[in-house]
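I would like the entire structure built from these sequences, with the hints used as guidance.
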Amino acid sequence: MGKSGLLTLIGATTENPSFEVNPALRSRARTLVLEALTQEDIRGLLERALSDERGLPGVSIEPEAMDLLARLADGDARRADGDARRALSTLEVAATLADPVTPEAVTEAFGRHLPAMDKNGEDFYNLISALHKSVRGSHVDASLYWLARMIKGGADTGYVARRVVRMASEDIGLADPQALRLAIAARDSVEFLGSPEGDLALAQAVVYLALAPKSNSVYNAWRDALRAVREGESLPVPVHLRNAPTALMRAQGYGKGYAYYFDDPQGSFEQFYLPEGVQLDLYAPPARAGRRAWPNAGASCARRMGKSALRRSLPGPNGPARSAPGDPAGGASAARTPDGPRRSGRCCRPSAWRTGPG
1 MGKSGLLTLI
11 GATTENPSFE
21 VNPALRSRAR
31 TLVLEALTQE
41 DIRGLLERAL
51 SDERGLPGVS
61 IEPEAMDLLA
71 RLADGDARRA
81 DGDARRALST
91 LEVAATLADP
101 VTPEAVTEAF
111 GRHLPAMDKN
121 GEDFYNLISA
131 LHKSVRGSHV
141 DASLYWLARM
151 IKGGADTGYV
161 ARRVVRMASE
171 DIGLADPQAL
181 RLAIAARDSV
191 EFLGSPEGDL
201 ALAQAVVYLA
211 LAPKSNSVYN
221 AWRDALRAVR
231 EGESLPVPVH
241 LRNAPTALMR
251 AQGYGKGYAY
261 YFDDPQGSFE
271 QFYLPEGVQL
281 DLYAPPARAG
291 RRAWPNAGAS
301 CARRMGKSAL
311 RRSLPGPNGP
321 ARSAPGDPAG
331 GASAARTPDG
341 PRRSGRCCRP
351 SAWRTGPG
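One point on numbering: in our numbering, the residue at position 169 of the sequence shown is 169, and numbering is uninterrupted.
FYI, nobody ran anything at the bench for these hints, they're computed from the structure.
What you are looking at is a predicted structure, and each value in this text was computed from that prediction instead of being measured.
Note that beta-carbon positions come from the ideal geometry of N, C-alpha and C, so glycine has one too.
Wrong hints could be hidden among the right ones.
Stated by the list, open to error - No more than 30 Å apart at the CA atoms, straight line, and that leaves these computed lysine-lysine pairs for DSSO-like: (1) K214 - K152; (2) K3 - K133; (3) K152 - K133.
Said to hold, decoys possible - What follows is a list of derived Cβ distance ranges for each label pair: (4) V237 - Y159: 32 to 42 Å; (5) G277 - L9: 20 to 30 Å; (6) V237 - L32: 54 to 64 Å.
If you want it as structure tokens, here you go:
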């Protein structure tokens, strides 16, 4: 600190300063990012080491060995405390194994190559983010690649399995309910088998999720439901929906007027289920290209029916409906009747449904 009272602070960290540096200090400092060394950078350092008298003068290396060493050390700077010392140390050890240095000597001297990943830092969360976004984007090869990067980098497979379960709920949802079952089965396989045997179950689940149709309708509806509760009043439960286990409660009107669906389907559909004065339309996914969307019907009977059976019965944009197991050829079912609601609960006509193009 000079006489003026100005304090000049210079610091360095291998972590993301957004997470590791005090926000008050970070807001008063200029942040410079030091990128990892490239293969060209490392090759230059190695060539200088072979020519400088303070390095390894007189040692020769085959071109293929130089390429291999530069490639293995590429991006390894963060694991080597910000410099190329691992590449230089590998070259020094390899020079004692063979002269000239061969690719085999480099491989032996370098040891096991692990993909760069800091288990609790920025790289870790960047990798899981890339995996999640690749699955959401239906890119199977990228999904497998990022999963392999995480597994080989030493990620906790239990954590990865939990994230895969989350993907199944958030990005596939009711577009393919089987996805959640498979994701949970993969998590159980990881817990039961461990690694590496359980890794294949994770790969299977990731491929399935990437190929599955996508829908975030439940994710959006749940988010909006939480917001409605957070921002709204704690209104009382309507009297007809209240539990009435005692005579006193029944005398106070609890449960009075409730329409039991199996006795009165129409009355069940028409009665109110939200607090008085509350109007919500949470589960209303828009139609998307190539996806069938549930009807935007508010509290309609579409939400109380066998949706999967109805979905199989709907005509697609490119041809007739798919047949559900046990259905006659052509996929006809009770849900497609033009006669309106039935007591079976399949009460929506096909005209109430929308299909996206393609």
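A quick look at each hint next to the structure:
no.	hint	result
1	K214 - K152	holds (28 Å)
2	K3 - K133	violated (53 Å)
3	K152 - K133	holds (19 Å)
4	V237 - Y159: 32 to 42 Å	holds (39 Å)
5	G277 - L9: 20 to 30 Å	violated (57 Å)
6	V237 - L32: 54 to 64 Å	holds (58 Å)
Hint compliance for this structure: hints 2 and 5 are not met, and every other hint is.
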